[in-house]
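J.: Sequence:
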Amino acid sequence: MRKSTIVLIVGMVILLAGAVLSLMKIEPYADYVLIAGAIVVVIRGFIRNHEKD
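Residue numbers (my numbering): 1 to 53.
Keep in mind that the hints are not guaranteed to be accurate.
So the derived label-pair ranges between C-beta atoms look like this [said to hold, decoys possible]:
id : residue 1 : residue 2 : range
1  : Phe46     : Lys25     : 18 to 26 Å
2  : Ile9      : Tyr32     : 14 to 22 Å
3  : Met1      : Ile39     : 33 to 41 Å
4  : Asn49     : Met24     : 33 to 41 Å
5  : Ile9      : Ile35     : 15 to 23 Å
The hints are simulated quantities; they were obtained by calculation from the structure and are not laboratory data. A virtual CB, placed ideally from N, CA and C, is assigned to each residue, including glycine.
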């Protein structure tokens, strides 16, 4: 499995956790978790661009 795929899965899990926290009305932490998940997904794009085929 490629490194970028693993980072994407981790980012999606973080985003899912942020969505669950948001639904549970844990507002301050939900915002931070959602932002962290989005940053991980963006970093995945940089990793994917630098991977060799």
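J.: Against this structure, judge whether each hint is valid.
T.: Against the structure, the hints:
Checked against the hint of 18 to 26 Å, the pair Phe46 and Lys25 fails, with Cβ atoms roughly 34 Å apart. Taking 14 to 22 Å as the suggested C-beta distance range, the pair Ile9 and Tyr32 conforms, at roughly 20 Å. Checked against the given bound of 33 to 41 Å, the beta carbons of Met1 and Ile39, roughly 21 Å apart, lie outside it. At about 36 Å, the CB distance of Asn49 to Met24 agrees with the hint of 33 to 41 Å.
Range check, Ile9 to Ile35: Cβ separation about 18 Å, and the 15 to 23 Å hint holds.
This entry does not satisfy hints 1, 3, going by the numbered hints stated previously.
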